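**Q** With chain A held as given, fit chain B onto it using these hints.
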Amino acid sequence: MADQQIKSEISGNVWKILKAPGDPVAEEEAVMILESMKMEIPVMAPRDGVVASITVAEGETVAEDQVLATLRG
Amino acid sequence: MFAKVLVANRGAVAARVIRALRGLGVRSVAVYSEADAGAPYLAEADEAHAIGPAPARDSYLNQDRLLQVAALAGADAVHPGYGFLSENAGFARRVEAAGLTFIGPSPRWIEAMGEKTSARALMASHGMPMAAGSGLLGAEDAAAEAARIGYPVLVKPAAGGGGIGMLAAADEAALLAAVERSRAMATRSFASTQVYLEKLVLRPRHVEFQMLGDRHGQMRHLFERDCSVQRRHQKVIEESPAPGVDATPMAERAATILAQLGYDNIGTVEMLLGADGAFSFLEMNTRLQVEHAVTEMVTGVDLVAAMIRLAAGARLEDVLPAEITVQGHAIEARVYAEDPVRFLPSPGPLTRFRPPAASATLRVETGYREGMVVTPHYDPLLAKVIAHAPTRDGAIAALGEALAGFEVQGLKCNIAFIQRVLASDAFRAGRVHTGLAQELP
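Going down the list, the protein sequences come from chains A and B. Here the first sequence is numbered in numbering that gives the first Met the number 0, starting from 0 and rising by one per residue. Here the second sequence is numbered in numbering that gives the first Met the number 0, starting from 0 and rising by one per residue.
These are calculated hints, taken from the structure and not from any lab test. Mixed in with the good hints, there may be bad ones.
Here are the computed distance ranges between Cβ atoms for each label pair [claimed, not checked]:
hint, chain 1, residue 1, chain 2, residue 2, range
1, B, Ala-49, A, Pro-23, 47 to 57 Å
2, B, Ala-190, A, Pro-20, 11 to 21 Å
3, A, Pro-45, B, Pro-320, 51 to 61 Å
4, A, Pro-23, B, Glu-251, 52 to 62 Å
5, A, Asp-22, B, Ala-359, 58 to 68 Å
6, A, Ala-51, B, Gln-67, 17 to 27 Å
7, B, Ala-53, A, Asp-47, 48 to 58 Å
8, B, Gly-137, A, Ala-62, 20 to 30 Å
9, B, Gln-408, A, Pro-45, 26 to 36 Å
10, B, Gln-418, A, Gln-3, 50 to 60 Å
11, B, Asp-57, A, Ala-62, 14 to 24 Å
12, A, Ala-51, B, Ala-425, 57 to 67 Å
13, A, Glu-63, B, Asp-57, 23 to 33 Å
With a straight-line Cα cutoff of 16 Å, these simulated EDC-like cross-link-like pairs (lysine to aspartate or glutamate) come out [as the list claims (entries may be wrong)]:
hint, chain 1, residue 1, chain 2, residue 2
14, A, Lys-6, A, Glu-59
15, B, Lys-411, A, Glu-8
16, B, Lys-411, A, Glu-63
17, A, Lys-37, B, Asp-378
Keep in mind that this is a model prediction, so the values were computed, not measured. Heads up, the beta-carbon is just placed ideally off N, CA and C, and yes, glycines get one too.
So that you can see chain A by itself, here it is in the shape it has in the complex (with noise of 0.2 Å):
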């Protein structure tokens, strides 16, 4: 199956990333948590899989719809 793109939602800041490259992870598992206006907003995986790649990093800016991950499997 093709790698997954996992998007932002929403315009904010990465909080905290609590997934690696090569970690497994269940459907609805929370991969990072963005943080905008305050609210912490959990990131989860559409399905189960191993992460494939993260691709921001702790602290940085994201867009609606940016790639945060990708997902394999």
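**A** Coordinates of chain B only, in the frame set by chain A:
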């Protein structure tokens, strides 16, 4: 009374405090980050000082810079507003060490109420009603603790955030599964396996009590606010009085407890009200609340002016009228920059921003004006709209009408959501609870 006060905040609350200071004949010092240069509240102040870049840690949370500006401006007190440093005991201590007055309760009270488990223990020891809970769970004691507390219970990660890993359990089988799953989620998300239990209050209401105390041992309550309509555990609609419940005995009890403790300025006792009519303590906020205007409209008391005068040493009987009653009904709506369906934050430009016109029965508090950009650095509050009427039905109608005329373009805002709540049968009948927003048709 103070001669000059630094307002360590931004936006609507800074404007509100500056207005109170002007009414008291006190000069005001505003501060602003790079993102807030040119914001409307700055023009209200007697002077304004830049304090740093947009991120809050570099500006509104930058204690060194704030104290430097206070000294430079010759302020003799600091008002923290709400949010930012308002509940930071270390900052309050530094303000006092610099020879200035921190406008709020004494630092020891900020500290005592800031650590939530010790605040609960302190309040419980003085007779505050409390829902049962456990300490951190060991490997074997989940079932025994849950049996002692009584089902249903909520399993919560101790190092939580974002609601991750909070799971309800109605019986022992569900509990053991929930503890295991919550520990796994907490381990993956927070690198901690620690979880604890709380009694789950079903369909609770959030009812809170406004308190005012002086530095001379006097304490009074200004009745309650019902803040049950929430999303993401943040309030959206607040009202006073709480519909369909006589909360005054609980308000009096809370005031008695705080008087015993010697609490000495403004504060709010937040409680859950269960379907069985039982109150249980949540936490105490040692500051002015966002929703203070609701209480001001029904009681006629200016809470901001009162807390300033009390911090300056005034006695409660000189600040408050001898008798305070609730006149009519007030409802506040928080207009947030967010998606009205999924409640995700929506910073952006305010290409059009036309709040309704204020009147004697409609208050509008905002830190924005058309053409400004709402940044992701601060909270999503665009405006507070508060309607006051002789009856609850009248206040609902007036608020709905005001919001219908509130034009916002350029970003997403939650006015459509607020209107759905106001129009719902459950809200109109006063059948409010903290899950109401999720149950709307």
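**Q** Evaluate each hint against the coordinates.
**A** Comparing the hints with the structure gives:
1. B:Ala-49 / A:Pro-23: 47 to 57 Å: holds, 48 Å
2. B:Ala-190 / A:Pro-20: 11 to 21 Å: holds, 18 Å
3. A:Pro-45 / B:Pro-320: 51 to 61 Å: holds, 59 Å
4. A:Pro-23 / B:Glu-251: 52 to 62 Å: Holds - the Cβ-Cβ distance for A:Pro-23 and B:Glu-251, about 56 Å, lies within 52 to 62 Å.
5. A:Asp-22 / B:Ala-359: 58 to 68 Å: holds, 59 Å
6. A:Ala-51 / B:Gln-67: 17 to 27 Å: violated, 48 Å
7. B:Ala-53 / A:Asp-47: 48 to 58 Å: 39 Å Cβ-Cβ, so the 48 to 58 Å window is violated.
8. B:Gly-137 / A:Ala-62: 20 to 30 Å: Violated, at about 45 Å.
9. B:Gln-408 / A:Pro-45: 26 to 36 Å: Holds, at about 32 Å.
10. B:Gln-418 / A:Gln-3: 50 to 60 Å: violated, 37 Å
11. B:Asp-57 / A:Ala-62: 14 to 24 Å: holds, 21 Å
12. A:Ala-51 / B:Ala-425: 57 to 67 Å: violated, 45 Å
13. A:Glu-63 / B:Asp-57: 23 to 33 Å: holds, 24 Å
14. A:Lys-6 / A:Glu-59: holds, 14 Å
15. B:Lys-411 / A:Glu-8: holds, 13 Å
16. B:Lys-411 / A:Glu-63: holds, 13 Å
17. A:Lys-37 / B:Asp-378: holds, 5 Å
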